[in-house]
Every structure is written in structure tokens, then in C-alpha cells.
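Letter by letter, the sequence shown follows residues -24 to -1, 1 to 201 in mature numbering (1 follows the signal peptide of the UniProt record, and there is no 0).
Simulated from the structure, these hints should not be mistaken for lab results. Errors might be hidden in some of the hints.
Unchecked claim - With a cut-off of at most 25 Å between alpha-carbon atoms, the simulated DSS-like pairs for lysine-lysine come out as follows:
1. 108 with 37
2. 166 with 150
3. 198 with 171
4. 166 with 108
5. 150 with 102
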Amino acid sequence: MKKTIIATFAVSLSVLLASCNNEASENNEPKEKSENTDNTSNSDKDKSEKNKDNSKQNEQKTEQQNTNTNNDGRNQSAQDKNETTDEDEGALNQYNNEEIEYARVWNQLGPLKNNMDGMDSLNVEKLPKGSKVNPQAEDSAVFKEDVVKLKAPMGVGGSVTYSSNGDGSINVYKNVPYDWRDSRTDANMKEATTKAIEENVETVTINQGDDQTIADLAGKIKYSN
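Use the sequences and the hints to build the structure in full.
Structure (C-alpha cells):
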């Protein structure tokens, strides 16, 4: 009888232990699943953040490359501009301001259509204030300011008589001829020379022109007095 009771108790105890183990196993499974789910979620989150960081770094790198490219382009453009400016300025370095002015005036107003084509010199005559308008005439009006007379080597090339205003503009005496052909004792000389400096005087703004062309003209200047 005792053996039967002991055997029954042992079987019951085994069943009870098995039941407890099953419950513990079932309780652990959700926890493990939850932990696995959390780990997977954290891993995906880390990957997403890493991808965002990489994307941001790539965007910053691209922006920096674009900035560098734009800077290189601007620097190259500025360098090209400076080189061109230096070359242009270099063409005029050997001439003074007056010679550059004479060349620019002739380049713009010289009667010859092609300016210096066929001309080996540009004659420059400086006429101080008080100089006779017609140096050959005894009775001649005089210039009331310093003037300059630019002349081609031959009369057909024409001339330009002007005074400088010092601001890039000049006063052109259009009635002053290349040479005065009238007699030095002509009774009308006083009137003619007076009209030459008082009538048909035009103020003109002088353009800078191409520096190399101006340099070529300046290189042909010859002073006649």
C-alpha cells in the first residue's frame, strides 16, 4: 500500500514539474521574441541613421565640389581678364599721357578713313596760348588757350586742331585749315582767323580705342616744333 502511494505521489510530482517547465518555457518565448524584435528594430534604426549620415556627407561633398568648381571658374576668368588687361596696358607703357591723347584724337577724328594706312608719321605741333592762328600773317588773331595741331605728312591727309579740357573731352577748331594759303597781308586775314577760332568749335569726347592701335599711332608721332 505504501509503495502504491509513493508511486502515485512520484507520478503526480513529475506531472507537476513538467507542467511548470512548459509554463516557464512559454513565458520565456515572448520575452525572447520581444528582445529579438527590439534588436532588429534598433539595427534597422542604426542603418537608417547611418544611411542618412552618409547621404548628408555626400551632399556636403557635392556642394563643396560645386563651390570649388565655381571658384576655379571665377579665378580663371579673373586671371584671363587680368592677363588681357596687362597685355593692353603693356602696349601703352612706353608712351606718356600726351602722346596717348594725340594718338586717340587722331584715331577718332583723323580725316583719313584708315587713319595711318600709308602714313609713316603723325606730326604734332604745340601752339601755346597767344600763338597766331595763321603764323604767316602779320595781322592774325591769336589762340586764347593752348592748342595742339595734328597733321598728316601731306595736306591730303588732313589735320585736327584742338584744345584739351583735361577730362577726356577736347574742343575741336573745325575752321582751322591744314595750312593757310592766303597772303600774309590779306586785308581780311584778321577777320578770317578770328572766325576760325570762334565759330564752328565743337566739344568732343574722345574714346580710348584699341590699345594696340593707339600704340601703333603713338609710335609714329613726330614733333614739328
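If any of the earlier hints don't hold here, list their numbers in rising order.
1 and 3
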